[in-house]
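All chains, full assembly: derive it from the sequences and hints.
Here is what each chain is made of, one letter per residue.
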Amino acid sequence: MHSRFFLLILIIAGLVVAFVPLSFRPIAPQERTFRIGARQFAYSPSELKVNPGDKVTIQLVSTDVVHGLYIDGYDISIEADPGQTAALNFFADKPGSFRFRCNVTCGAMHPFMIGKLTVGSNQWLYRSIGLSIIAAISLFFIRSTRPSDRQLPITIY
Amino acid sequence: MELTRLPILKPALKSRYPQLAVFIVMLAGYIFAILAGFIGTPVGSRNFSIVFVWIAWWAILILVAVPFFGRGWCAVCPIPLPGEWLQRGAVLNPPDKKPKWLNLRWPKFLRNIWLQNISFLLLALFSSVLLTTPNITAIILAAMLFAAIGLSMVFERRSFCRYLCPVGGFIGLYSQTAPIELRIKEKQVCVVCDGKPCYNGSQTGYGCPWDVFPGGLRKNTYCGLCMECIRTCPHDNIAINLRPFSADLAKPSARIDEAFKAFIMLASAMIYAGVLLGPWGALKDAAYNVGTSAWLIYAIIFLAIIFAVLPGFFALGILKTKSALPLKQRFASFATALIPLGLMFWVAFSLSFVLTNASYILASLSDPLGLGWNLFGTASTAWKPMLTSILAPAQTLALVGGLIWSARTAQKAANEIKSSSIPVITFCFIVTLVMLWLLL
Ligand code: SF4
Ligand code: SF4
Ligand code: SF4
Ligand SMILES: [Cu+2]
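So the protein sequences, as listed, match chains X and W.
Every letter in the first sequence is one number past the one before it in the numbering used here, and letter 28, counting from 1, is 28.
Every letter in the second sequence is one number past the one before it in the numbering used here, and letter 204, counting from 1, is 204.
Read the hints as simulated data drawn from the structure, not as lab findings.
C-beta atoms are modelled at their ideal positions from N, C-alpha and C, and glycine is treated no differently.
Do not rely on the hints blindly, as some may be mistaken.
[As the list claims (entries may be wrong)] Some, not all, of what chain X presents toward chain W, calculated at C-beta under 10 Å:
id : residue
1  : 101
2  : 108
3  : 125
[Said to hold, decoys possible] Far from chain X by the CB rule (all over 10 Å, computed), these chain W residues:
id : residue
4  : 31
5  : 35
6  : 235
See below:
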């Protein structure tokens, strides 16, 4: 009974960690401009950090072949021809961490031409770490509540 | 629960025709993938060989087939077939007794999975090129087919599958977690069974191609689910059972080759997550430019993580735990606990890769060679990542679930060998955090 009670608490804690909405004190939105160089098969800089609500401009400059930039979750993209600059404007209204990736086939490693945009904090990472900790704790409660010897449908030796 | 009691399943498995039909489709697809790799467009994401092998097949294998059906893929895999047919001198007919070709026993010192570990690592070190270049993929597919044929001519049974196949190695490892198993029903029936046709063959079929005696099966690793023993057993003593997940892991393995397989797979998933899905361009360059000094350093680090860093920390962790067993045996037993976690690492990694690129499948279906065909009108399907909003939660679920699953396995292993599971759980916890950081 005792351990069941703890288990219940842990499950509730898990749900809270997974789903409770996090709102930090709002930071005044800013305008931010990033100039991103694209080459086969990398962006530089490849990691962008903005605050929720920021108005973001990405200037994509390609230094070799045609490259694109597609942001997961935001579902927006641009393309830049070699030597040209293309600009993408958007409001960073979704918090979290998103991969951005090339969406113009540009060579062999094209599917892995990837960068990372973090809006505010990487919430899912922190929630996941919280869940892992709860999982680890819960194991000490599940331990030995069930017999470990399972009856096989047939026993073979 | 015994699935072979189902009225249709048993006859469908006993007859050779349903499996043969699947074999033919698979073999045709396999040969087409080889051809497409050679004659199709060099653009990977437009070529059937890349899209169907590394996106479609891989997705089905790692997200469905292995977790739910164990070696289910091996039951329909086309790679060993031409060799096996040549070896038997027959596609369907019952065997005649005299062996064709050399029919040698596999050498004793290679009766382990080290060759599979090595063949997997060789592919893994070149994986960035392999995954993205159609003709390299074609060469590897063809090489596997011919290696399987060659070994069938020299050695008995399916030596390629059992001892060399880079894919079979990890399918075997992770098949232990699957909720399905092929086992005998009654031990006593086997004890008194005359001639053991399931192993030695008979008029109704061939002796176990995987060189396994079904009566001794205790884990899924080396049974290829080829269904031959269902056909040969005269006493109807073979069953396919539904069972709890990871039942095989309750009794930990004590083999060091299998222990290292668990490390190889766990570490490769982490390295791939970092190199392929991470934002670090220099890593990708190093992994892709095979033969350069950057690649050499990458290769050395890759192998060091697999053979020194992870096993080193793992061994250090369990060094001081109380146990009657020597360190080597504890190491091997506890490595069993990494199997569910490794599988879930691969699931989490593959979810990202597969959902992002699944839209290529439709395009490639209509234009498999990238030559501008449009067979089904889907050739111009635009690339678009799928389900991006549930990707991160799904990965979390897989990884945290994997952590719990592995920790439970560690507790069982600790019970078995009378030792403490805490260092192993701590190890699992730390690598899970690293993987979360890499993927999210
Ligand atoms: S071991 Fe390899 S070649 Fe053999 S059936 Fe399995 S996947 Fe195919
Ligand atoms: S043929 Fe059937 S009864 Fe005989 S040993 Fe094999 S599984 Fe057992
Ligand atoms: S003959 Fe039976 S035991 Fe041997 S690999 Fe095939 S299904 Fe498994
Ligand atoms: Cu690109």
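Self-check item: Indices of hints not satisfied (ascending)
Solution: none
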